[in-house]
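Each of the two chains sits in its own frame; use the hints to bring them together as a complex.
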Amino acid sequence: DTEVTQTPKHLVMGMTNKKSLKCEQHMGHRAMYWYKQKAKKPPELMFVYSYEKLSINESVPSRFSPECPNSSLLNLHLHALQPEDSALYLCASSQVAGGIFDQYFGPGTRLLVL
Amino acid sequence: QKEVEQNSGPLSVPEGAIASLNCTYSDRGSQSFFWYRQYSGKSPELIMSIYSNGDKEDGRFTAQLNKASQYVSLLIRDSQPSDSATYLCAVRTSYGKLTFGQGTILTVHP
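Note that the protein sequences, when read in sequence, are chains A and B. Residue numbering for the first sequence follows the working numbering, beginning at 1 and increasing consecutively. Residue numbering for the second sequence follows the working numbering, beginning at 1001 and increasing consecutively.
Keep in mind that the hints were calculated from the coordinates and are not lab data. Remember, it's a predicted structure, so these values are computed and weren't measured experimentally. Among these hints, one or two may not hold up.
[As the list claims (entries may be wrong)] With a cut-off of at most 20 Å between alpha-carbon atoms, the simulated EDC-like pairs for lysine to aspartate or glutamate come out as follows:
id : chain 1 : residue 1 : chain 2 : residue 2
1  : A       : Lys36     : B       : Glu1045
2  : A       : Lys41     : A       : Asp85
3  : A       : Lys40     : B       : Glu1005
4  : B       : Lys1097   : A       : Glu84
5  : A       : Lys36     : B       : Glu1003
So that you can see chain B by itself, here it is in the shape it has in the complex (with noise of 0.2 Å):
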């Protein structure tokens, strides 16, 4: 089983809707979640820490995190073409090391 699964993309949808990114991760322990977006041939970039149970919201992204299902996602309101990129879930996990999933490739069309 791999430490950190994302769901398999690439995921495509209408602008304006709500786009839907799942991460699945291993180790119990894990202490603080992380979603990056990467635009192609760009740096991986911060957009959403998780630390508790629940919801966090920052404008159009929410995260939420729940980690007796060892569970969290990113769900983007009101998608843009500009959000179009590849989002990366990353686990903090017991040992300290930041792990990361696949990516999701997501495509935003007009």
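With the rest of the complex left out, here is chain A (with noise of 0.2 Å):
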């Protein structure tokens, strides 16, 4: 089974909102990602886990804010975000960080910012 899951499948939220992502894996992985993605772009990698610890933050707004409560559990809280944060939020695990380990996505949250 390589089932990534994300809830919600759409979000709309106001600038002055707090929402959160959330994203799990039953496979074992013990690192585990999120990405943005605009319209006709590749995923922008956003932050990486690894066994349950903030190992990369790619210089994102601290207004998204991840979190890690266990080994299966993702999420990424939201607040005062900016239109231009509309995306597609996609969370991704693989076994571990770097080496030859397949990195799987689930289908992502489509955010749209009012």
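Laid out in structure tokens, this is it:
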């Protein structure tokens, strides 16, 4: 089973709202990732968690706050977003970060910021 | 120079033909190489990974890796309309990050 699940599928929020995106995997993977993808562009890495610790932050604005409560769960907390943050947010996981391990994506959350 | 470059598209092939997708990368220390397929409005789906020089076949898909030339390709045999999608080449560089090319749009016409 190579399934990564994400909720919600769609999210519309105002610039003053606080919301959270959730991601879950049950493959025993110890690395989890958040990516942002704009239309007709490749995914852009935002954060990497390795063994539940944040290992990479790609200079993401503080209005995005990641959290890894345990090895199966990854959250992305959103606050005071801007319309340009509207995008497809993808969660991914791999056995470990780096190395020769496959990385699997979830279905994504399509976010619209009004 | 971009870290990962894919052949510019879009690429259009007739049904039943071989589609050839190419990718070059700049980091000689890169360890692993992936091809993802992404349908419009969907997330990337891993279709092939390759770690060693040579060919790797899986059904109608063959990935080819040449580390000396820093080149990786994907061949799709007997192309079907359902193969129409954007194909993303991704390279895990020596510092562990997965870097994507810009993608090649493939259209298979009946």
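Hints not upheld, ascending by number | 4
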